[in-house]
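Numbering (this note's numbering), first residue to last: 219 to 599.
Don't take every hint at face value.
Within a straight-line C-alpha distance of at most 30 Å, the following computed BS3-like cross-link-like pairs (lysine-lysine) qualify [said to hold, decoys possible]:
hint, residue 1, residue 2
1, K310, K297
2, K596, K433
3, K250, K444
4, K444, K297
5, K358, K324
6, K223, K250
7, K258, K291
8, K358, K250
9, K324, K291
10, K411, K258
11, K288, K223
12, K250, K291
13, K358, K288
14, K291, K358
15, K492, K250
16, K492, K411
17, K593, K559
18, K444, K433
19, K310, K223
20, K324, K288
21, K559, K596
22, K444, K223
23, K559, K492
24, K297, K223
25, K223, K258
26, K310, K258
27, K291, K310
28, K223, K559
29, K297, K324
30, K324, K411
31, K433, K559
32, K408, K492
33, K358, K433
34, K358, K559
35, K258, K433
36, K310, K433
37, K411, K433
38, K258, K358
Simulated from the structure, these hints should not be mistaken for lab results. Nothing here was measured: the structure is a model prediction, and the numbers come from that model.
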Amino acid sequence: MQYRKFGSLDWEVSALSFGAMRLPILDGDSGKIDEPLATKMVRGAIDAGVNYVDTAWGYHQEQSERFVGKVLKDGYREKVHLATKMPSWLIKEEADFDRYLEEQLKRLDVDHLDVYLLHAMNARYWQNYQDLDVFSWAEKRMSEGLFHHFGFSFHDDYPVFEAIVNGYDHWAMAQIQYNYIDIDYQAGRKGLKLAADRGMAVVVMEPLRGGMIAKSPPPVAETWAKSERGWSPVAWALNWLWDQPEVSTALSGMSVMEHVEENLALAGEAAVGKLTDADQALVAEAREQYASLAPIPCTQCEYCLPCPSGVAIPRIFAAYNEAVAFDAWGHGRWVYNNMIKPEARADNCTACGECEAICPQNIQIIEWLATAHEKLAKPAD
Numbered sequence: 219m220q221y222r223k224f225g226s227l228d229w230e231v232s233a234l235s236f237g238a239m240r241l242p243i244l245d246g247d248s249g250k251i252d253e254p255l256a257t258k259m260v261r262g263a264i265d266a267g268v269n270y271v272d273t274a275w276g277y278h279q280e281q282s283e284r285f286v287g288k289v290l291k292d293g294y295r296e297k298v299h300l301a302t303k304m305p306s307w308l309i310k311e312e313a314d315f316d317r318y319l320e321e322q323l324k325r326l327d328v329d330h331l332d333v334y335l336l337h338a339m340n341a342r343y344w345q346n347y348q349d350l351d352v353f354s355w356a357e358k359r360m361s362e363g364l365f366h367h368f369g370f371s372f373h374d375d376y377p378v379f380e381a382i383v384n385g386y387d388h389w390a391m392a393q394i395q396y397n398y399i400d401i402d403y404q405a406g407r408k409g410l411k412l413a414a415d416r417g418m419a420v421v422v423m424e425p426l427r428g429g430m431i432a433k434s435p436p437p438v439a440e441t442w443a444k445s446e447r448g449w450s451p452v453a454w455a456l457n458w459l460w461d462q463p464e465v466s467t468a469l470s471g472m473s474v475m476e477h478v479e480e481n482l483a484l485a486g487e488a489a490v491g492k493l494t495d496a497d498q499a500l501v502a503e504a505r506e507q508y509a510s511l512a513p514i515p516c517t518q519c520e521y522c523l524p525c526p527s528g529v530a531i532p533r534i535f536a537a538y539n540e541a542v543a544f545d546a547w548g549h550g551r552w553v554y555n556n557m558i559k560p561e562a563r564a565d566n567c568t569a570c571g572e573c574e575a576i577c578p579q580n581i582q583i584i585e586w587l588a589t590a591h592e593k594l595a596k597p598a599d
């Protein structure tokens, strides 16, 4: 395992970190974590040198923190830096700060966190936190030892990111969506460099854009074939990130053991300056190829769930994107009509708009659901 500076803090972080948002599940239900397999995966990664584990209040339908608490027993808690996040969308008053933190410490069964983040920051949440003076609260709780460092994860446009970074002097880290497709999206490369220049660690989430760039549709496969590297699409994506000194760690949500094994092997060779100019040109070409493929920028984060009408929004978008990107309409229609229950399909959307208000990608969910249903509701070819 390779290790990197974590901003201005006096500890180093593994190049690969473990995100507890996409753990293996049972019966297609994200609230039912396959705990024996997930335990083997997480502990195996820690045994191999991963020393940063990230979770949050809402992951796996509020089951992730409980699972992480269990998996970090037997001495594993002492081997990692543990991070979780305050559910920003649930904060209505100052008393909520303690209410959620106390419950999260109980779920995790720990007496302190190494990093506590404000989750999914955008302009609205930022204003609310300012109005409630979250900073005075955080500094008091840090002085009490309930968490050691304070940070935020981010889903909005760059000007909001800049305002947040400049709005508090003691941020330890920022967690941003960043990959070779999203260089100008949300915080992007500009935000990466801003945070690093301020001495903040930068934890990268969605390094594979929810798995989207772990696959190689024909145009992208042809691009990678021009290189003699012999790298997989995952290797290209992760090596591109680790090539940049401002990236503290790549946070991967791994759902099968093969993901863990491949990512660990790659992290063992992570290095700054690994990519040549020719490599960077190929990455830019792949970026252009992907730009015209998947039309819905959904990362399967599940922030839109539960839908009040029971619509399986991320699963529908995944089926639609795959059908478009791989020209696999027969498979997409089969998935939609056989793997998604009738009551969870897109035609059950009532256009209430709750999902759009919280979507980190600012997707026009209502319109895309209508489009997806129109295209996918037909019988499979």
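Quick rundown of the hints versus the structure:
Taking the CA atoms of K310 and K297, the gap is near 35 Å; set against the 30 Å cutoff, the hint is violated. For the hint pairing K596 with K433, the CA-to-CA distance comes to about 26 Å; that is within 30 Å, so the pair holds. A distance of roughly 42 Å separates the Cα atoms of K250 and K444; the hinted pair therefore is violated under the 30 Å criterion. About 41 Å separates the Cα atoms of K444 and K297, which puts this hinted pair outside 30 Å; it is violated.
Pair hint K358 plus K324 holds up; C-alpha atoms about 19 Å apart against a cutoff of 30 Å. A threshold of 30 Å between alpha carbons decides the hint, and for K223 with K250 the separation of about 35 Å lies outside it, so the pair is violated. Annotation: proposed proximity of K258 to K291 holds, straight-line Cα distance about 13 Å (limit 30 Å). With a C-alpha separation of about 36 Å, the suggested pair K358 and K250 falls outside the 30 Å cut-off, and the hint is violated.
A distance of roughly 14 Å separates the Cα atoms of K324 and K291; the hinted pair therefore holds under the 30 Å criterion. At most 30 Å may separate the alpha-carbon atoms for a hinted pair to count; K411 and K258 exceed this at roughly 36 Å. At most 30 Å may separate the alpha-carbon atoms for a hinted pair to count; K288 and K223 meet this at roughly 28 Å. Under the criterion of a C-alpha separation no larger than 30 Å, the hint pairing K250 with K291 is consistent with the structure, at around 20 Å.
Our distance criterion of 30 Å between C-alpha atoms is met by K358 and K288, whose separation comes to about 28 Å. At most 30 Å may separate the alpha-carbon atoms for a hinted pair to count; K291 and K358 meet this at roughly 28 Å. Distance check on the hinted pair: K492 and K250 sit about 40 Å apart at the alpha-carbon level, beyond 30 Å; violated. For the hint linking K492 to K411, the alpha-carbon distance of about 19 Å falls within 30 Å, and the restraint holds.
Simply put, K593 and K559 have alpha-carbon atoms about 17 Å apart, close enough for the 30 Å limit, and the pair holds. Between K444 and K433, the direct Cα distance comes to roughly 17 Å. Compliance with the 30 Å bound is thereby established for this hinted pair. Of the pairs offered as hints, the one joining K310 and K223 is violated, with about 36 Å between alpha carbons and a cut-off of 30 Å exceeded. Our distance criterion of 30 Å between C-alpha atoms is met by K324 and K288, whose separation comes to about 11 Å.
A hinted pair counts as satisfied when its Cα atoms are at most 30 Å apart, and K559 with K596 qualifies at roughly 15 Å. In summary, the hint linking K444 to K223 is not supported, as the alpha carbons are separated by about 33 Å, beyond the 30 Å threshold. For a cut-off of 30 Å, the pair hint linking K559 to K492 is broken: about 46 Å separates their Cα positions. Taken as a hint, the K297 and K223 pair is honoured in the structure, with Cα atoms around 17 Å apart against an allowance of 30 Å.
Only pairs whose Cα atoms come within 30 Å are accepted, and K223 paired with K258 is accepted, the gap being roughly 27 Å. Only pairs whose Cα atoms come within 30 Å are accepted, and K310 paired with K258 is rejected, the gap being roughly 38 Å. A C-alpha spacing of about 33 Å is found between K291 and K310, which places the hinted pair above 30 Å, so the restraint is violated. Taking the CA atoms of K223 and K559, the gap is near 47 Å; set against the 30 Å cutoff, the hint is violated.
Note on K297 and K324: the hinted pairing holds, with a Cα-Cα distance of about 20 Å set against a maximum of 30 Å. Distance restraint check for K324 and K411: the Cα-Cα separation of roughly 36 Å exceeds the 30 Å cut-off, and the hinted pair is therefore not satisfied. Straight-line distance between C-alpha atoms of K433 and K559 comes to about 27 Å, which keeps the hinted pair within the 30 Å bound. Taken as a hint, the K408 and K492 pair is honoured in the structure, with Cα atoms around 21 Å apart against an allowance of 30 Å.
A hinted pair counts as satisfied when its Cα atoms are at most 30 Å apart, and K358 with K433 does not qualify at roughly 46 Å. With a C-alpha separation of about 48 Å, the suggested pair K358 and K559 falls outside the 30 Å cut-off, and the hint is violated. Restraint check: the Cα-Cα separation between K258 and K433 comes to about 25 Å, which is no more than 30 Å; the hinted pair holds. For the hint pairing K310 with K433, the CA-to-CA distance comes to about 41 Å; that exceeds 30 Å, so the pair is violated.
Distance check on the hinted pair: K411 and K433 sit about 28 Å apart at the alpha-carbon level, within 30 Å; holds. The hinted pair formed by K258 and K358 fails the criterion: a straight-line CA distance of about 37 Å is larger than 30 Å.
In this structure, the hints that do not hold are numbers 1, 3, 4, 6, 8, 10, 15, 19, 22, 23, 26, 27, 28, 30, 33, 34, 36 and 38, in rising order.
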